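Engineer: Here's the letter readout for the chains.
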Amino acid sequence: MSCSYCILRSYLNNPGISVRTATDSIIGEIDRAITAEKRHVLRFGTGELGDSLAVDRRLDAVRPVVRFFGERKRALLELKSKWAGLDHLRSDLNPFVVVSFSLAPQRIVDAEEKGTSPVAKRLKALKKAQDWGCLVGLHFDPVIVYDGFESDYARLIDEAAQALDLGRVIWASIGCLRFVRPLMKLFLEERRRNLLHGELIMGEDGKYRYIKSERIKVYRMLYGLLKAKAPDLFIYLCMERSDVWRQATGAQVAGSEDLIALFDRRIGEFYGGLQ
Amino acid sequence: MGLSSRFRPGAGMERPRYQPAQRPYRFLVKMETVEIDKIDALDRRFCISYPLADERLLASIARFGVLGPLALRKGGRAVVITGHKRLDAALRLGIGKVPCIFSDADDRQALLVSINDNLARPLNTVEKAVCVEKMAGLGFPVEEIYGVMEMLGLPAREKALNTCMAAASAEEPVWAFIVRHGLPLQVVEQLFWFEGGEVQEIIRLVGPLRPTVSSLRETLHLMMLLKVKRGEIDLAGLEGAKDMEALRRALRKRTNPLLSGLEEKLAGILAACALPPYVRVRVDPAFERESVDITIQARNNEEVEGALAKLGNVAREGLFGGIFELTHGTTDTI
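Residue numbers (my numbering), protein chains in the order written: chain L, 181 to 455; chain D, 468 to 801.
Read the hints as simulated data drawn from the structure, not as lab findings. Treat the hints with care, since some could be wrong.
Lysine-lysine pairs mimicking PhoX-like chemistry, simulated, CA-CA at most 25 Å apart [claimed, not checked]:
id: 1; chain 1: D; residue 1: 541; chain 2: D; residue 2: 552
id: 2; chain 1: L; residue 1: 294; chain 2: D; residue 2: 626
id: 3; chain 1: L; residue 1: 397; chain 2: D; residue 2: 732
id: 4; chain 1: D; residue 1: 505; chain 2: D; residue 2: 552
id: 5; chain 1: L; residue 1: 387; chain 2: L; residue 2: 365
id: 6; chain 1: L; residue 1: 387; chain 2: D; residue 2: 720
id: 7; chain 1: L; residue 1: 365; chain 2: D; residue 2: 720
Per the computed footprint, the stretches of chain L lying under chain D, defined by three or more beta-carbons under 8 Å from a beta-carbon of chain D, are [claimed, not checked]:
id: 8; region: 252-258
id: 9; region: 390-399
Fair warning: this is a prediction, and the values are worked out from it, not measured in the lab. Where a beta carbon is used, it is the ideal one built from N, C-alpha and C, also for glycine.
Could you build all of it, start to finish, from the sequences and the hints given here?
Structural biologist: So, in structure tokens, the structure goes:
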């Protein structure tokens with residue numbers, strides 16, 4: 181699996197994948213964190229700097245964690261992936277596991293997400309997860325602006341709406357392409373036209389991203405398309421400024437606490453509060 | 468000139484395997500005076516100096532003659548190992564004989580002697596590239612080349628090696644451009660990102676604008692971005708820029724039309740505000756932040772009162788509102 185825009189490309193100097201096998205200690209740590217948390221339903225993920233499922237069928241590393249969350253029943257585990265290999269976990273998947281997939285138009289998957297599952301397979305895997313009792317998440321991140329991206333995203337959202345029960349999508353995220361300075365050099369070297377098509381500025385955090393007016397337009401478009409399909413869908417913006425949140429969605433999200441509150445509310449809708 | 472000559476270590480090139488010198492080579496320390504036409508001045512296989520012409524050396528030799536001996540390789544018409552600049556000066560001055568010492572070094576040994584001899588002075592990027600290219604040409608192993616690259620202050624990496632190979636095989640005007648503007652390898656790498664014909668056009672475009680390294684770096688970055696975005700770059704359309712800053716602005720209008728539009732609008736509003744010099748309005752350069760910093764650098768009470776009165780008028784006229792429209796990111800700017 182090699183996504184051209186992956187941040188790991190800017191600092192990894194080893195193509196190997198490290199998998200921590202000390203599952204017991206990891207679970208112990210998670211358990212203590214869950215016990216200590218009195219206000220929120222915690223959300224854990226295994227796909228932050230890697231892919232939750234890409235090599236899991238071979239390594240079977242996620243299963244104990246999945247089982248733990250099913251037994252603990254007090255926090256959520258999100259498996260984030262671009263690899264539609266879920267069947268091996270079927271017997272252990274449970275309602276406390278959110279199965280999430282990144283979604284992008286197939287044109288971008290072909291050009292920029294080499295070695296990942298096609299969109300149709302990702303949607304099928306999400307549907308299976310729903311059928312097996314899991315809630316699912318949709319991550320439109322990174323959204324890449326290129327000629328014709330609007331119609332491609334409209335089609336993608338249509339396909340997602342046809343394939344899935346959007347009422348059982350716990351959250352959807354939208355995040356425009358952003359990347360650190362060393363990746364700009366790589367994208368230029370590799371002449372990545374898709375990734376460099378939109379108008380990029382350097383933000384205060386040292387990351388390239390689309391100019392604000394363009395991001396707002398993109399968010400408004402995708403937010404509108406998703407809400408048209410599922411008015412109650414909880415949609416959040418990834419790593420965005422409060423004014424962009426406001427302009428794009430009307431929501432006041434000034435900081436992480438506001439965002440956590442939105443998550444809490446959404447989780448409450450499906451699971452109730454802490455027990 | 469293209470990048471087809473790129474050297475790819477281990478990419479199937481048939482190169483003789485490097486063997487450390489089995490036989491020590493010798494310099495015959497006896498200095499001889501050799502007639503200049505006995506030296507093959509056109510054989511520059513060990514020459515890493517560029518440019519050869521050195522006016523200070525020429526003046527010195529004109530006054531004192533060639534004092535330091537050239538190192539020549541024995542056999543047939545003598546080949547220069549070190550002393551190409553001295554030989555060039557002697558030829559230009561019509562000097563008939565030069566002091567020399569002879570060696571029986573083989574090609575690789577002779578090249579290393581030449582590189583070593585030149586390390587005593589700072590080498591320009593072309594000279595460094597030539598060192599690398601000549602080593603590769605003589606079949607030195609990559610590790611050996613990387614070792615010399617490190618000594619030359621170059622990153623010991625395949626990409627830098629490829630850039631050196633491309634630079635060394637470039638034509639003279641490109642070499643002259645690189646040396647005249649003191650370009651480091653990173654900027655040379657940007658230059659050779661373009662195709663051969665484009666490199667020539669870029670040099671023709673920016674050469675007269677007296678670029679600094681940093682201005683050239685930024686300009687090349689924008690040109691690369693523009694080419695990736697559009698698939699081609701219309702360099703002819705950029706002619707007429709009076710300096711590097713004008714060229715940068717013209718490029719940025721193409722790569723960042725929205726941001727350039729915002730900047731122009733902001734400049735127009737600030738001009739209309741006509742604020743005194745001790746009142747500054749600072750807007751985030753990327754127009755990301757909604758808020759705007761307004762600072763007063765007053766030296767006395769009158770300046771404070773004047774600034775506040777002026778700011779009040781400007782606000783009442785709605786001019787700041789125009790700025791906030793730009794920072795909200797909701798107006799179309801082109």
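Engineer: Confirm or reject each hint.
Structural biologist: Status of each hint after checking the structure:
1. This hinted pair checks out: residue 541(D) and residue 552(D) have alpha carbons roughly 19 Å apart, not beyond 25 Å.
2. Distance hint between residue 294(L) and residue 626(D) is fulfilled; the C-alpha atoms sit about 23 Å from each other, no more than 25 Å.
3. For a cut-off of 25 Å, the pair hint linking residue 397(L) to residue 732(D) stands: about 20 Å separates their Cα positions.
4. The straight-line distance between the Cα atoms of residue 505(D) and residue 552(D) is roughly 17 Å, inside the 25 Å bound, and the hint therefore holds.
5. Distance hint between residue 387(L) and residue 365(L) is fulfilled; the C-alpha atoms sit about 13 Å from each other, no more than 25 Å.
6. As the CA atoms of residue 387(L) and residue 720(D) are separated by approximately 21 Å, the hinted pair is consistent with the 25 Å bound.
7. Between residue 365(L) and residue 720(D), the direct Cα distance comes to roughly 21 Å. Compliance with the 25 Å bound is thereby established for this hinted pair.
8. Counting residues of the region 252-258 of chain L whose C-beta sits closer than 8 Å to any C-beta of chain D gives 0, which falls short of three, so the coverage hint is violated.
9. A count of 6 residues in the region 390-399 of chain L with a Cβ less than 8 Å from any Cβ of chain D is obtained; the coverage claim is therefore met, three being the minimum.
Comparing the model with each earlier hint shows a violation of hint 8 alone; every other hint is respected.
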